[in-house]
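**Q** Please build the complete structure, drawing on both the sequences and the hints.
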Amino acid sequence: MKKIIFSGLIMTICSYCHSQALYTDIAPSDRRDIFFDNFDDNSSNWYSGDNGKTRATIRSGYYNVESLVDQPRVVYKDISLNTSGDWEIETSIQYVSGQDNNMNALEWSWVDGDNNYSLGMSGNGYYVIKKIENGKWTVILDWKKELIRQDEYNKLTVRKVENTYYFFVNENLVHQMPYEPVRCNKLGIQVNDKSSIKVDFFRASQILYQSPIITWIDPSSNSVNSSSDEYLLKAKITSGTEVSEFTLLNNNFPVKVSKDDLVKIGKEYFFQKKVLLSQGGNRIVLNTSNSQGSATSNPVMVTFGNETKVAQVQIPKKEEVIINSEISDIDGVIPQNPINSKRFALIIGNEDYTSYQSNLSSEANVAYAINDATSFKLYAQKILGVEDRNIFFLTNATAGAMNQKIELITRIASKLNGSAELFFYYAGHGFPDENTKIPYLIPVDVSILNINQGIKLSDLYQKLNGCGAKRVSVFLDACFSGGGREGGLINSRGVKVKPKEEDAIGNLVVFAASSGEQTSLPYKEKRHGMFTYFLLKKLKESKGDLSYAELAKYIQENVSIESLRTNYQEQDPQIKTSSTLQGTWEKWRFAPDK
Numbered sequence: 018m019k020k021i022i023f024s025g026l027i028m029t030i031c032s033y034c035h036s037q038a039l040y041t042d043i044a045p046s047d048r049r050d051i052f053f054d055n056f057d058d059n060s061s062n063w064y065s066g067d068n069g070k071t072r073a074t075i076r077s078g079y080y081n082v083e084s085l086v087d088q089p090r091v092v093y094k095d096i097s098l099n100t101s102g103d104w105e106i107e108t109s110i111q112y113v114s115g116q117d118n119n120m121n122a123l124e125w126s127w128v129d130g131d132n133n134y135s136l137g138m139s140g141n142g143y144y145v146i147k148k149i150e151n152g153k154w155t156v157i158l159d160w161k162k163e164l165i166r167q168d169e170y171n172k173l174t175v176r177k178v179e180n181t182y183y184f185f186v187n188e189n190l191v192h193q194m195p196y197e198p199v200r201c202n203k204l205g206i207q208v209n210d211k212s213s214i215k216v217d218f219f220r221a222s223q224i225l226y227q228s229p230i231i232t233w234i235d236p237s238s239n240s241v242n243s244s245s246d247e248y249l250l251k252a253k254i255t256s257g258t259e260v261s262e263f264t265l266l267n268n269n270f271p272v273k274v275s276k277d278d279l280v281k282i283g284k285e286y287f288f289q290k291k292v293l294l295s296q297g298g299n300r301i302v303l304n305t306s307n308s309q310g311s312a313t314s315n316p317v318m319v320t321f322g323n324e325t326k327v328a329q330v331q332i333p334k335k336e337e338v339i340i341n342s343e344i345s346d347i348d349g350v351i352p353q354n355p356i357n358s359k360r361f362a363l364i365i366g367n368e369d370y371t372s373y374q375s376n377l378s379s380e381a382n383v384a385y386a387i388n389d390a391t392s393f394k395l396y397a398q399k400i401l402g403v404e405d406r407n408i409f410f411l412t413n414a415t416a417g418a419m420n421q422k423i424e425l426i427t428r429i430a431s432k433l434n435g436s437a438e439l440f441f442y443y444a445g446h447g448f449p450d451e452n453t454k455i456p457y458l459i460p461v462d463v464s465i466l467n468i469n470q471g472i473k474l475s476d477l478y479q480k481l482n483g484c485g486a487k488r489v490s491v492f493l494d495a496c497f498s499g500g501g502r503e504g505g506l507i508n509s510r511g512v513k514v515k516p517k518e519e520d521a522i523g524n525l526v527v528f529a530a531s532s533g534e535q536t537s538l539p540y541k542e543k544r545h546g547m548f549t550y551f552l553l554k555k556l557k558e559s560k561g562d563l564s565y566a567e568l569a570k571y572i573q574e575n576v577s578i579e580s581l582r583t584n585y586q587e588q589d590p591q592i593k594t595s596s597t598l599q600g601t602w603e604k605w606r607f608a609p610d611k
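Sequential numbering of the sequence shown, starting at 18, is according to this note's numbering.
Hints are computed from structural coordinates only; laboratory data are not their basis.
Every residue gets a Cβ at the ideal spot worked out from N, C-alpha and C, and that includes glycine.
Watch out, some of these pointers could steer you wrong.
Said to hold, decoys possible - Pair ranges (Cβ atoms, derived):
1) A44 x Y196: 19 to 29 Å
2) N304 x F53: 29 to 39 Å
3) D58 x V302: 44 to 54 Å
4) K276 x D95: 42 to 52 Å
5) N469 x K560: 16 to 26 Å
6) T41 x S372: 15 to 25 Å
7) K276 x E542: 24 to 34 Å
8) K153 x G349: 51 to 61 Å
Unchecked claim - In silico EDC-like links for lysine to aspartate or glutamate, alpha-carbon gap of 20 Å or less:
9) K570 x E542
10) K557 x E534
11) K560 x D210
12) K432 x D405
13) K276 x E404
**A** Right, here's the structure in full:
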C-alpha cells in the first residue's frame, strides 16, 4: 500500500454542542474501525474481474476500478455501522484516465443507482456533494476547485457527529449540514463513465470517545512559588463528549467551582479559577468526567510564604529556577455580554519557534504569545459575544494551519451576505522581505530565508476584506522589523529592516502593536504582551461598551507610556483604516447589540 502523509466560548458543561471544524477534532484513538481495507489482497471480497461493464483488479496495494460503458459504475460493500451513533467513512481516490469532468465518488446509503449519497471529485480538480432520491438529483454542494490535487490521491471523508454531517476533502472541512438518516448499509466507490480510478484504502469507523485528559497550563510545572495569597489556576480538559462534572481540591478540601469557570472550544474545555492559598504548601488536584469515564489531574504544589509539609505529598525537586507567578488583573472574572451569531474570530498565538527551527535560539521565541491568544479567546467569547463554534483558535501554528483557517473563516463569512463581523488576532513574529520590504506574519515552521512561505500581510487583508463581511477588525501583537519580545528573528540574520507600510482596505480596521522599526514588547509583570494587556484591560473595564476611537486613544496613550516606563523602549501602537471608513470606524462598538 502506498504510504499516505496525513496533515494534520462559551459552551459550558450544561450546554455542550459538537463542532468539527477541524479534521483533527476526532483523534485516531476516538475511532474504532468496523471495516478497513488497504488492498494488499482481496480478503474483503471486493468485486474483481471483467463483466463487460466494470473491470476491477487489486494489485500492489491498490484497487483499480474502470467503467467500460457510458455510465458510472459502483462497487460496494455491505458494512454494518451503528448509524444511530457517531461514525465516519473515508477513502483515498486517484483519477487515472477517461472523462475528467465528472464525478468519481465515495458513496454511502447506497440503496441503488437512484437512491444514494456521493462525495465526489473530478479528474480536472473539482469536488462536489450530491444525493439522488427516486432518480432525482439534488446538489448539496456545487462543484468547487480549491483542494483537489490532480494526478495524486485525494482523501474524501464523511463524518456524522450527533445530528450533523461534516464533509472533508484532503482533511479540510468543505461543508456541514443537518444529518439525514442512512437508509442502507451499503458503502462504496463510484467510477465515472468510461473512466479509470485507483483506490488506496477504504475505511468505515464508529466514533467512540475516550475519557477526559487534563493538562495544566498554569502552573506549567508541578511546583511553583507564589508571592500572593491568590493564584489563578488554568487547565485544559480534552474531551470528545460533554464534561458532566468537575471538582477542584486544595489540600483535599473542595474549592467551590461553577460553570463560569469553564469554557468550551472544539474538543477542549479551558478551566480557570482564582484560588485562595493557605500559608505554606497547597496541593491542588482537578477532577472531571464524561460519558466514557473520569480523570484526575497530576497534583500541583503552589507554595505561599514559608513552606509547610502536607501529609503524604512528595514534590520532585526541580533544577530550574521557579519564576514568580503573579496574577494579571485581566485574567480574572470577565464580564459576559450577549452572543452575536454573526460574529467570527480567528485567534493565533505563535510562541515556540525553536521547536520547529533548530537553527534558532530560545530568544527567538515570543514570550507569552500563547497566554495572549488564550486570553483573547476568552474575551472574544465573553466581551465580543462570539459563540463557541464561530471561534477558530491556533497555537504554534504552521503555515498550512494558518492558511487553512484563514480560508475557512472567510469562506464561512462569505455565505452570510454581508452580515458577518470578523475579528482576527495574532500574537507572534512578523518579518519583512529584505528586498521588497513587504511584511509577513511568520508561522512557526517558516524560516525567514523562505519568507514567501509565510502569510503576506497584504494578502491577509485582501482575503479578510474580500469575503464581504460587514466589519473586519484586526489585532496584531507583532512587529515587522525583525525584532521581538526577547530578541526576535534578527538574531539569526543580524539585520533589521524597515517594513513597507501596508494600508488597510475596505471595511477593515487594524490595531497594530507598534510602528515602523519599533519592537512589540512584553509586559513581564503581567505575563502578556504590552499591547494585548492594555487592549484586554480596556475591554474588561468597559465591558466592551466603548467605541473603536475610544479604544484606539486608550491603547496609544497607555502602551507608549508604560513601554518607556517598564521596557525603556518606545512602542507606539498604530491604527490603520481605509479612506472609505473615515468618519465611520470611530463609531463602531465592541459589545454586541443587545
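**Q** Confirm or reject each hint.
**A** Taking the hints in turn, this is what the structure says about them:
1. Between A44 and Y196 the C-beta distance comes to about 21 Å, which sits within the given range of 19 to 29 Å.
2. In this structure the hint that N304 and F53 lie 29 to 39 Å apart at CB holds, the actual value being about 36 Å.
3. Between D58 and V302 the C-beta distance comes to about 51 Å, which sits within the given range of 44 to 54 Å.
4. In this structure the hint that K276 and D95 lie 42 to 52 Å apart at CB holds, the actual value being about 45 Å.
5. Taken as a hint, the range 16 to 26 Å is violated for the pair N469 and K560, whose Cβ atoms sit roughly 42 Å apart.
6. At roughly 18 Å, the beta carbons of T41 and S372 sit within the given window of 15 to 25 Å.
7. The hint said 24 to 34 Å for the Cβ distance between K276 and E542, and at roughly 31 Å that hint holds.
8. Under the hint 51 to 61 Å, the C-beta atoms of K153 and G349, about 58 Å apart, fit the expected range.
9. A hinted pair counts as satisfied when its Cα atoms are at most 20 Å apart, and K570 with E542 does not qualify at roughly 23 Å.
10. For a cut-off of 20 Å, the pair hint linking K557 to E534 is broken: about 30 Å separates their Cα positions.
11. At roughly 61 Å between alpha-carbon atoms, K560 and D210 are farther apart than 20 Å, so this suggested pair is violated.
12. Taking the CA atoms of K432 and D405, the gap is about 19 Å. The hint holds against a cut of 20 Å.
13. Simply put, K276 and E404 have alpha-carbon atoms about 16 Å apart, close enough for the 20 Å limit, and the pair holds.
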